[in-house]
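Chemist: Take a look at the letters that make up each chain.
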Amino acid sequence: MEIPYTVTARTDTGLWNAKIGIWLFLASEVMLFGGLFSGYVFLRIGIGDIDNPWPERQLPILPGFINTLVLIGSSVLVVFAWASLKMRNYAKYQIYMVGVLVCALAFLVIKSVEYYGKFTHYGIKLSDQTIFEGYVKKDNIEFEATDLLLDPRQTRLNILEGLKAGQEPLFKTPDGEEILLDTAWLRSYRVEARNALVEAQRAEVEAAEAEGRVANPPKQLERLKLTAVKPLQFAFNPRRVRTYADGLVVYQDQHSVEGTLIDDSIVFEVHDINLQAVKDQENALAWQFVDDGIKEQFFDHQAKVLKDTEARGVRPDPYELNVLKHVHGHAREPVSGELKEGGGDGGAPGVGVESEPSEADETVPKPETGGETEGVSPEGAHGKEGHHAEESYPLVKIPRALKLFLSNHGPAYNTYYAIYFTMTGLHGLHVIGGALVLAYFLLFNKRLYQQNPEHLANRVEVGGLFWHFVDLVWIFLFPIMYLM
Amino acid sequence: MSATAAATDGDHTADHAHDDHHAISFWRQYIFSTDHKIIGIQYGFTSLVFLAIGFFLMMLMRWSIAFPGQPIPLIGGLFGETWAPGGAMSGDLYNMFGAMHGTIMIFLGVVPLAFGAFGNYVTPLQIGAPDMAFPRMNMASYWLYFLGGLMMFASFFVDSGAAKVGWTNYSPLATTADLGYASIFWTGQTLWLLAMVFLISSSLLGAVNFITTIINLRAKGLTWMRLPFFVWAMLVTGFLLLLAFPPLEVAAIMQLMDRLVGTSFFLPTGLYVGGEQVDIAGGGNPLLYQHLFWFLGHPEVYVLILPAIAIVGEIIPNNTRKPLWGYKSMVYAVMVLGFLSFIVWAHHMYMTGMGAGVSTFFQTTTVLISVPSVILITSLIISLWGGSIRFTMPMLWAVTFLPMFGIGGLTGLPLAFNEIDLYLHDTYYVIGHFHYVVAPGTLFAMFAGIYFWFPKMTGRYMGNVLGHLHFWPSLLAMNGLFMPMMIQGMAGFHRRAFDGGVAYEATTEKWMWLNHVMSWSAWILAIAQIPFVINVFRSIRHGKKCESDNPWKATTLDWQTPTPPPHGNFLKEPVVYRGPYEYSVPGAIDDFCPQNASDDELDWEGVANEKEGKSEATVAVS
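Protein sequences appear in the order of chains A and B. With this note's numbering applied, the first sequence covers 1 to 484. With this note's numbering applied, the second sequence covers 1 to 622.
With the rest of the complex left out, here is chain A (with noise of 0.2 Å):
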């Protein structure tokens, strides 16, 4: 016995095998994005202290309109593909499945876009909920080490990857002896000292027992201080950082290292000032490190606000009025230090002092700088995309302490971030796993057309009704996630 109505309807039912197939899965993504769906109902409703304020279009409203008519397009346009299959015409179908396929490209690539824009957007939130938003131009903690303290029980140095370039790890051991460390160094001193310790173990055992007390034998392997050569220098990435004070780093893996903390600070080029959620705007710890020119354009800016919306008759959004957007202006103390694209671990230490990384040295004038790299341009180094020329941002360095949050603006700068790229993301996957289907049926099913033209007929049915549903989810996803 074959499979019956693969094909053809089945009379009682009226349908074919795959479109009940087809609908039940459906079904199944309705609960699967009915469940993220509440997820931001849950999130945005329970979110409630001033601390964490919801963010409101956050998102550019253009790129997601046109995207929402890319997607109406292709829907349109598969239904067209599938007709001309039922009217066998197989050559407009080619012509209609290619526009779907153009269709979906085309909003993969607005969304990459987007996506781009907002993992190389920085915030920085302080403990006074001043925000900061801008792009970070150093984040590290630079050590000079003199001393290692290594842990015998871990397998891993991660703690070397620290190391700025061109020097090497060589050490003195408590012995004297002058090693290289690595991996396989201490995997060799690890056999010997858990040797070492079984045979401390045993004679204390037997020890206790000739003297006739309880035993009390060690326990575990003992830290081994290794002494550096020279002294090392490290610029350590905080997010690996367990824990770090004035003269120690304790790193992820456990091992840590001694010396003098050189700098932690953060040097941020601040774009946007979000003071939200902070409750003494006049005092905010802004106003600490731009100056006093972009406290009156904040202050400028709110009075504006105000002035609009109440000559409207409407309540003032409590986002509009809080932002400044676009601050122009200088840190009240410039920033020195050597900086390059992605954090400065590179880059010999001792590189004289460098002005702001700003690309508008032609029209702004320079803050007073130590000025020995004067004539250095640092246009290459630090090019950053779209910038206009007239805009300068001020550059401010902020204590580590001072940090409350620091991240870019992907999934873990908030839960409406979160939520955003976890349903963008999932439908953007539904919309990649549409278009490989689509693709499969346009590209590997001449034959069976031959063979059997109402099957591909049912196949892009089924390919359709997922594409309309995964339009369904944008047409959602767009007003909660830009509008509202």
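Keep in mind the hints are simulated off the structure, nothing from the lab. Not one of these hints is a red herring.
Straight-line Cα separation of at most 16 Å, EDC-like style, residue types lysine to aspartate or glutamate; simulated pairs:
| no. | chain 1 | residue 1 | chain 2 | residue 2 |
| --- | --- | --- | --- | --- |
| 1 | B | Lys553 | B | Asp590 |
| 2 | A | Lys403 | B | Asp279 |
| 3 | B | Lys220 | A | Glu2 |
| 4 | B | Lys572 | A | Glu2 |
| 5 | A | Lys219 | B | Glu81 |
| 6 | A | Lys172 | A | Glu258 |
| 7 | A | Lys325 | A | Asp272 |
We have chain A; now place chain B onto it with these hints.
Modeler: Frame of chain A; chain B shown alone:
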């Protein structure tokens, strides 16, 4: 391309026809098979192995409870100094085994056995279909399950050990667990989530397949009210899996994001772990996880129990030689049950402080759901009334299911009430309650099913002597294991104490001795399974041969096929003339009327001209 693959392509043109006679390679026939019967058996074996693993974990835990701090005999040294110092189970190891016992038993053991194995093997046979509607998807479903299971099992061997925070995996504990390891990815907690994504995808494919098959591939004449109750239960179970699992997938995705990407879906502002503030944005809500989890969690309970009731519902009429009492009310009850199971989930969350109004709502729906459950069980009990019962091996298990499941169900009633639950929450009472539902409940029905359909799969009966050696000790040990839990629970024993309550000796002293009773019961229960394993493997070759294709003299279509059913199941397309349980039809010579036998094919008492009158009578019954 195999014959099945050709069949799914659907275009049966001449160039494909010869494929049907090709010899299929061993791999395609037994390993990557698309035949629902092979897949069913694959599910069966895999899930039984996982059940054994889960059971093994539990036996070790019971050692720690009965003899806290003492080295585990024989194998204590295998776990290493970190997990079992001196061979005695540490709290961490106990937590790991506890979490994995629950996960393995539910997601890798009972559900695949009940739904994957029995559903796959029996459903297409009972509806007279040649195979499932989507055979290749069926295969994908099994292999996704297998991969998920493998991943879950592999997580024991990573540095962090397997997941340790209970099968419910509550955030924020689950999110912040195992974060100290160099790679967050290779931790038990993360692997648990990834494995769950595999298992959820597997059950999604399975559910779509089952529902489509039942809707569209029913044999000619097999109307909805002629469907065996088993098929109805599978249909409802399919919908439960289809609709309840996606929210858990959402929870798993969100928790993965929390762990790997640093989001704070389930992490509140100002969360401290181990005395240090966690570097996250905050603003999330731990309660959201519980809602998403239990939205699956409660329907999952019915996924565990409906196939069991369904199997018992097949075996009881067959062995009482009487129609199932109240077939229609059972069908409606199972549908109502399926619907209600979606709106009771928060009775697992009374302790979270979600508010009195919400609690009241869920308390009400929970009490309501006992109505259809009681209809099902009552119908099965009344089915026994006045029957001349054959106590075959399957019937023994099936009849025992009724009181055992009854205890499980009735002990659940107090838990439905908010106030009582505040006291009983997280005590051994809860453990006793749901184990009565699932272990002597569902598992007994599973054993009944294995003994019942084994002759169809192999053409041989399973041995009676070994069967009794399996049954009686199991029955005693199950009760010895779970009944004392109720007593301990009411005395306030906390369910997660790895030392069995020694730490609270002042209050628990009186009932500590029960720990020994339960632990010994568990180990005896393990020994009682040995005859079963021997029986299965011995009977495949050496069991007593069945006299016919229909050894139990059953009415449903699964018994009207050759034994074992060939590829494509039926020799000719079955046509159904009557309802599923027409046993002892008045006037019929045989005491059973197979569904596919027309009145003309059956022998009737009296003369030929009475036939028409009789057939009207049988139509009325159906």
